[in-house]
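Undergrad: Here the protein sequences line up with chains H and L, keeping their order. No gaps in the numbering here: position 87 of the first sequence is 87 in UniProt numbering, and each next residue is one more. No gaps in the numbering here: position 351 of the second sequence is 351 in UniProt numbering, and each next residue is one more.
Worth flagging that the hints you see were computed from the coordinates, not collected in a lab. Take these hints with a grain of salt, some might be off.
[As the list claims (entries may be wrong)] Below are the EDC-like pairs computed for lysine to aspartate or glutamate, each with C-alpha atoms no more than 16 Å apart in a straight line:
1) L:Lys357 with L:Glu370
2) L:Lys128 with H:Glu56
3) H:Lys75 with H:Glu96
4) L:Lys249 with L:Glu182
5) L:Lys412 with L:Asp267
6) H:Lys75 with H:Glu56
7) L:Lys249 with L:Asp267
8) L:Lys404 with L:Glu366
9) L:Lys184 with H:Asp46
10) H:Lys97 with H:Asp145
11) L:Lys232 with L:Asp49
12) L:Lys129 with H:Glu141
13) L:Lys32 with L:Asp20
14) L:Lys412 with L:Glu350
15) L:Lys357 with H:Asp145
16) L:Lys184 with H:Asp63
17) L:Lys184 with H:Glu141
18) L:Lys249 with H:Asp145
19) L:Lys418 with L:Glu366
20) L:Lys135 with L:Glu97
21) L:Lys418 with L:Glu408
22) L:Lys249 with H:Glu141
23) L:Lys249 with L:Asp321
24) L:Lys32 with L:Glu22
25) L:Lys184 with H:Asp145
26) L:Lys203 with L:Glu182
27) L:Lys357 with L:Glu376
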Amino acid sequence: MIAQETLTPEEMEEIDHEIALVPVRRAAAIEALKIVQQHRGWISDDSLHAIAGYLEMSPEELDSVATFYNLVFRKPVGRNVILLCDSISCYVMGYEKIYGQLRERLGISFGQTTSDGRFTLLPNACLGTCDHAPALMINNELFRDVTANDLDEILDRYH
Amino acid sequence: METPLTQHISFDRPCYNLRDYEKNGGYQALRKALSLSPENITNIVQASDLKGRGGAGFNTGMKWSFVPMNGHHPVKYLIANADEMEPGTFKDRMLMEGNPHQLIEGMIISAFAIQANISYIFLRWAYKKAGRLLKHAMDEAYAAGYLGKNILGTGYNLEMYLHTGVGRYICGEETALLNALEGKRATPRAKPPFPQVSGLFGKPTIVNNVETLCNIPHIINNGPEWFKSLGKGNDAGTKIYGVSGRVRKPGLWELPMGVSMRELIEDCAGGMANGYAFRGALPGGASTDFLVQEHMDIKLDYKSVAAAGSRLGTGTMIVLDDHTCPVGFVHNLEHFFAQESCGWCTPCREGLPWTEKILLSMERGEGRPEDLQLLEMHTRYLGPGNTFCALAPGAMEPLQSALKYFREDFEKHIDQKKCPWR
Numbered sequence: 001m002i003a004q005e006t007l008t009p010e011e012m013e014e015i016d017h018e019i020a021l022v023p024v025r026r027a028a029a030i031e032a033l034k035i036v037q038q039h040r041g042w043i044s045d046d047s048l049h050a051i052a053g054y055l056e057m058s059p060e061e062l063d064s065v066a067t068f069y070n071l072v073f074r075k076p077v078g079r080n081v082i083l084l085c086d087s088i089s090c091y092v093m094g095y096e097k098i099y100g101q102l103r104e105r106l107g108i109s110f111g112q113t114t115s116d117g118r119f120t121l122l123p124n125a126c127l128g129t130c131d132h133a134p135a136l137m138i139n140n141e142l143f144r145d146v147t148a149n150d151l152d153e154i155l156d157r158y159h
Numbered sequence: 001m002e003t004p005l006t007q008h009i010s011f012d013r014p015c016y017n018l019r020d021y022e023k024n025g026g027y028q029a030l031r032k033a034l035s036l037s038p039e040n041i042t043n044i045v046q047a048s049d050l051k052g053r054g055g056a057g058f059n060t061g062m063k064w065s066f067v068p069m070n071g072h073h074p075v076k077y078l079i080a081n082a083d084e085m086e087p088g089t090f091k092d093r094m095l096m097e098g099n100p101h102q103l104i105e106g107m108i109i110s111a112f113a114i115q116a117n118i119s120y121i122f123l124r125w126a127y128k129k130a131g132r133l134l135k136h137a138m139d140e141a142y143a144a145g146y147l148g149k150n151i152l153g154t155g156y157n158l159e160m161y162l163h164t165g166v167g168r169y170i171c172g173e174e175t176a177l178l179n180a181l182e183g184k185r186a187t188p189r190a191k192p193p194f195p196q197v198s199g200l201f202g203k204p205t206i207v208n209n210v211e212t213l214c215n216i217p218h219i220i221n222n223g224p225e226w227f228k229s230l231g232k233g234n235d236a237g238t239k240i241y242g243v244s245g246r247v248r249k250p251g252l253w254e255l256p257m258g259v260s261m262r263e264l265i266e267d268c269a270g271g272m273a274n275g276y277a278f279r280g281a282l283p284g285g286a287s288t289d290f291l292v293q294e295h296m297d298i299k300l301d302y303k304s305v306a307a308a309g310s311r312l313g314t315g316t317m318i319v320l321d322d323h324t325c326p327v328g329f330v331h332n333l334e335h336f337f338a339q340e341s342c343g344w345c346t347p348c349r350e351g352l353p354w355t356e357k358i359l360l361s362m363e364r365g366e367g368r369p370e371d372l373q374l375l376e377m378h379t380r381y382l383g384p385g386n387t388f389c390a391l392a393p394g395a396m397e398p399l400q401s402a403l404k405y406f407r408e409d410f411e412k413h414i415d416q417k418k419c420p421w422r
C-alpha cells in the first residue's frame, strides 16, 4: 500500500493557476509535475499519486508522462544537479575530458549522486551554446567554454 | 549588406526594452499589419517566399493559408517553436536573448493573420535567460496594449503564454509539441489532419520557428520584393548561419540566404583552428548529411544544399576535423537520437539503439566486416516513409553520408580492431 500524501495548499494554488489556462484539467499535468518538483526536489510515488488524484487521472497515466521527460526526476537528486552537455559540438570540443575530471573530483558517474547529497551528475542533450563548447549547467546557471582547470572553482560555488 | 534580424542585437549592452525597441522602429510593423486584412498579410508573407527556418523549409505564408478563415472556428492558436534542441543549433537562443520584442511582434502579426486569439512560446527549459527576458518583454507588451484585449484599439484580442518544456528533443516536432502542450507524452501525431486544421486541443493551430517569426515584422515593413532581394541564391531573405567545432572563431552570423560554405567557414569563422584540418560538416544540425571539401562552394540555400545531397536544416553547421574520429562522431549522434526517440514506432525504437550499439562496438575494436552492411540496412529501414515522423530518417542522414565519405575510417576500425584516434 502506498501511503496517501496530499499536495500542500501552496502547490494546489499554483496548479490551480495552470488548470485555469487549459480546457481540460489533465492538460496541466506537466506544469503540475514541474510545480511539485520545484517544491520537493523530485517526484516520489506518493507525490505522483497526489498529483494524479488532483488532476483526476490515473497514477499510471501520469507516470507515463513523468517518465517521458528528461527533467522530471522520479528518483531523489542531490542539492545541486550538474547537467553536462554530451552532444556533438561538445563532443568535438572535448566534453569527455570534463566528464573524466568530474568523475574523479566527485567520485560519481552519470546518473549518480554524491554520498553527501551535494551533487547529482547527469548527461544532457545539446544546451544550445555550441559556439562556446564544452558547456554545462548547474541548477539554473550556464557555464560555457569550460576547461578542466575551471571545474574546481565552479564546483566550489555550490554547497 | 542588410541584417534586419540582428540590426538591434548587441551583447555589449542589455537587450532593448520596449522603449528602445519602439524608438528604433519597433511595433511599427504591427500597426501597419493591423490596418491590413488577415488574408492580405498571409498573401504578403507567401509572396515573400519566406521558408520555415526550423529545418523543414516550407513556405510560411502557404502554411498559414491552410488555416480555415470562414468564421466557424472561434478558437485558434499560434505557437512559437522555441524548443531549440537540434544538436549544434544555437541561433534561436541568440534571437530571443538579443531582441525578445522582435519575436513577440512577429507573433502578434502572425496570430492576427490567422485570427488566433491565444498564442504560446514553447521554450526549452535550458534557456533560462531567454525565459526571463521574454517574460519581461511580454509584460511590457501587455502594459503597452500590444497584447491583451482590444490591441491598439482595433478590437483584436491576443493572449500570450510562455510554456517551458521539460526536455525532450521530439518536442520540436510540431505535432509532438502539441501533445506536450496538452500535458501528454510528446509522441508525434498522424498527419492528416494537419495542425493548421486540427492542432492544439483539436483547434486550428500554426506552429512556426522563432527565426521564421522574427522575419515577419520586416517583411510587413519592407514588402515581399525587398525580402526576396536579400537572398543571393535560390532563396529569399537572410539567414542566421552558425559554425561550431574546431574553427578559429565559432559563432553566428546573419548573412544573405545562399552564401557559400567557404565564405561561412573561412571568412566568418576564420578557417580551421591551428593544427586542425577540415574533413566535413553537417550543414544544418545533427540530422543532416555531411558535406565535404568538394562542396565548399555550393550555396547554402535549401535547393543547392539538397542538390548536394544534404539539407540546409537549421543552417547551423558542425565541423568535423581531422583530430576527431568520424565513427566516434557519428556514434555520438546516434546515441543522442536513440535516447531521444519517443519509442512510438518500431523502426526508430529498435533500430536506433542497434545502430548505436554497432558503432560503439567499432569504437571498441569489436567491429565485424558485416557490420557495414548492417549499418547500411538501417539507413534504408529507418529512412523516409518507414517511420511516423522525421526523427529516424534524420538520424540516418549523417550515418549514410559518413558511410559514403569516410568509409575507409570505418574499415580501419574493423581491420585494426581499434579506434585509430584513441
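Undergrad: Check each numbered hint against the structure and report the violated ones by number, ascending.
TA: 2, 3, 4, 5, 6, 8, 9, 13, 14, 15, 17, 22 and 25
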